[in-house]
Amino acid sequence: MIVRIASGIPGLDELIGEERGSLAENTVTLVYGPPKVGKSIFCYQFAYEGFRSDEPCLYISADYGLNELERSISNFGWKFDEYRENFYIIDAISTISGLEVESRDNYFPSSVHNPTDIMVKLGMAIRQIASKSHRFRSVLDSLTTLMAFNDELLIVRVLTVYIMRIKESGGTAIVTYTEGSADSKVENMLKAIVDNIIHLDGEKLTIEAMVGSGKITASYNITSNGMIVE
Amino acid sequence: MKSYDVIGFEDLLGDVTPGDLILIYGPPKVGKSIFCYQFLYSGLKGSEPCLYIAADYGSRQLEQRMMEFNWFLQPHIQNGEVYIIDLLTRLAGIKVEDSASVKFSSAQNLADLMVKVGVGTRELFRKSSKFRAVLDSLTIIFAFNPPNLVLRLMKAYKTRVSEANGIGLVVHTTGTVEPQFESSLMELVDLKIFFDGENIQVESSTGKRSAKYTITSEGIKYWGLEG
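If you read the protein sequences in the order shown, they are chains A and B.
Take 1 as the starting number for the first sequence in the numbering used here and just add one per residue.
Take 1 as the starting number for the second sequence in the numbering used here and just add one per residue.
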């Protein structure tokens, strides 16, 4: 039997047709598509859904620093503040843009230039999370930025390690990637090593692959309350 | 050597003889790994032991994924009918110890992998005159090694499996390496099976065959075999 968890996207879980959720627990889902179609918003909602049921989230942010991330999230009216103790962030961008970020628990500054350090921080964060919860969510947003700063194949190797560590610790993850930004061989590898694939094009959401399910397409909108699948 | 029935896939793999290497290829997410689990499990059910190289997931995930189809691997691991070489768990920095049937190697150490393949094939050869060998897949191995080195690994692997009289299955995701390496891979194998999400196409020296397929909760079901 496949255990599924709620995606946090209204309408998406119903597409798979199971009561409790759509994303197979302990799997990794690739969310990809052209720029500005809602990939990051998808991630916020996925993380927030977890917080509401007291699941920690380990968020690797390569596109937005902590402050910007919190601002984008609060624009949708979601109160991440209440869930700070469950919100673990590896911030890979603030340091390289020279931003000052106030240090606090659950916050791990790193750098997109240094994937090895990101993996070290990942290990530290997972240890902390595992000590209080045997299930958690994780987001890696985005692979595109990591690939822009590093050799693309190196990032495939980093992703391989990331996926192994998340799965071995009981996590369920979303990773994002901007379609066409890497070599097509690398893009094929990404699709091969994740479990599930969701494509967003601005109007339609396509579940291209999902453990235990077939291909499904539906329309979606981004509203002031976030992404909604119709 | 005469062909024999590959239990579970008699009609589809009719041309296979012991010592053959079969390439399973196609785009991502069309069921190539599920085919491997099924090949492994049907072999175990027919008392053919199996060497399984888990290169895209860890050995624990292999067990979990098979359980989704109600194929339980644990008893076969315990009685030594399956010999798993796990290339990712230790690579990811997770502390694990080898057991009698599960060995940990690394996707970036192909020399060590070949040593373990040697030990594994010898052990299974002693147990049974027929055995299966699965390598799922080359994708992450290609991400960690130069393509030429991976091809040399495949030549050595083919020799090993063939000398021990096993039937080998190797999985490759199309479009993950330069076309010339893909062609060399095709030339190296005895039988090619292409999955595209709807059709299975089998190509051997004696001809081509194709069937429709679908993935169910009991694994891959195919029908309408032609050719």
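Treat the hints as calculated values from the structure; they're not laboratory data.
Some hints could be false.
Claimed, not checked - Which stretches of chain B does chain A cover? Using the computed rule of at least three CB atoms under 8 angstroms from a CB of chain A, they are: (1) 16 to 26; (2) 45 to 52; (3) 61 to 72; (4) 167 to 181.
Claimed, not checked - With a straight-line Cα cutoff of 25 angstroms, these simulated PhoX-like cross-link-like pairs (lysine-lysine) come out: (5) B/Lys116 with A/Lys185; (6) B/Lys130 with A/Lys185; (7) B/Lys221 with B/Lys192; (8) B/Lys158 with B/Lys95; (9) B/Lys116 with B/Lys127; (10) A/Lys215 with A/Lys185; (11) A/Lys132 with B/Lys155; (12) B/Lys192 with B/Lys208; (13) A/Lys215 with A/Lys204; (14) A/Lys185 with B/Lys95; (15) A/Lys215 with B/Lys208; (16) B/Lys116 with B/Lys130; (17) B/Lys155 with B/Lys45; (18) A/Lys185 with A/Lys79; (19) B/Lys130 with B/Lys95; (20) B/Lys212 with B/Lys95; (21) B/Lys116 with B/Lys155; (22) A/Lys36 with A/Lys132; (23) A/Lys215 with A/Lys79; (24) A/Lys132 with A/Lys79; (25) B/Lys29 with A/Lys215; (26) A/Lys204 with B/Lys29; (27) B/Lys208 with B/Lys221; (28) A/Lys215 with B/Lys95.
Where a beta carbon is used, it is the ideal one built from N, C-alpha and C, also for glycine.
Verification of the hints:
1. 16 to 26: That given contact is violated, which follows from only 0 residues of the region 16 to 26 of chain B lying within Cβ reach (below 8 angstroms) of chain A.
2. 45 to 52: violated (count 0)
3. 61 to 72: Holds: 3 residues of the region 61 to 72 of chain B have a Cβ under 8 angstroms from chain A.
4. 167 to 181: holds (count 6)
5. B/Lys116 with A/Lys185: Answer violated: lysine 116 of chain B to lysine 185 of chain A is near 29 angstroms, above 25 angstroms.
6. B/Lys130 with A/Lys185: violated (37 angstroms)
7. B/Lys221 with B/Lys192: holds (19 angstroms)
8. B/Lys158 with B/Lys95: violated (31 angstroms)
9. B/Lys116 with B/Lys127: Roughly 17 angstroms separates the two Cα atoms, so the pair holds.
10. A/Lys215 with A/Lys185: Given that 25 angstroms is the threshold and the Cα spacing comes to 23 angstroms, the pair holds.
11. A/Lys132 with B/Lys155: violated (48 angstroms)
12. B/Lys192 with B/Lys208: Holds, because 10 angstroms separates the two Cα atoms, which is no more than 25 angstroms.
13. A/Lys215 with A/Lys204: The hint holds at about 13 angstroms.
14. A/Lys185 with B/Lys95: This hinted pair is violated, its Cα atoms lying about 31 angstroms apart.
15. A/Lys215 with B/Lys208: violated (29 angstroms)
16. B/Lys116 with B/Lys130: The given pair, whose Cα atoms are some 19 angstroms apart, holds under the 25 angstroms limit.
17. B/Lys155 with B/Lys45: Status violated; Cα separation ~29 angstroms.
18. A/Lys185 with A/Lys79: violated (40 angstroms)
19. B/Lys130 with B/Lys95: At roughly 34 angstroms apart (the allowed maximum being 25 angstroms), lysine 95 of chain B and lysine 130 of chain B break the hint.
20. B/Lys212 with B/Lys95: violated (43 angstroms)
21. B/Lys116 with B/Lys155: holds (16 angstroms)
22. A/Lys36 with A/Lys132: Since the Cα atoms of lysine 36 of chain A and lysine 132 of chain A sit roughly 35 angstroms apart, the hinted pair is violated (cutoff 25 angstroms).
23. A/Lys215 with A/Lys79: Not satisfied, since the Cα-Cα distance of roughly 34 angstroms exceeds 25 angstroms.
24. A/Lys132 with A/Lys79: Distance ~22 angstroms between lysine 132 of chain A and lysine 79 of chain A Cα, so the pair holds.
25. B/Lys29 with A/Lys215: holds (11 angstroms)
26. A/Lys204 with B/Lys29: holds (20 angstroms)
27. B/Lys208 with B/Lys221: holds (19 angstroms)
28. A/Lys215 with B/Lys95: violated (37 angstroms)
Of the numbered hints stated above, those contradicted by the structure are hints 1, 2, 5, 6, 8, 11, 14, 15, 17, 18, 19, 20, 22, 23 and 28, listed in ascending order.
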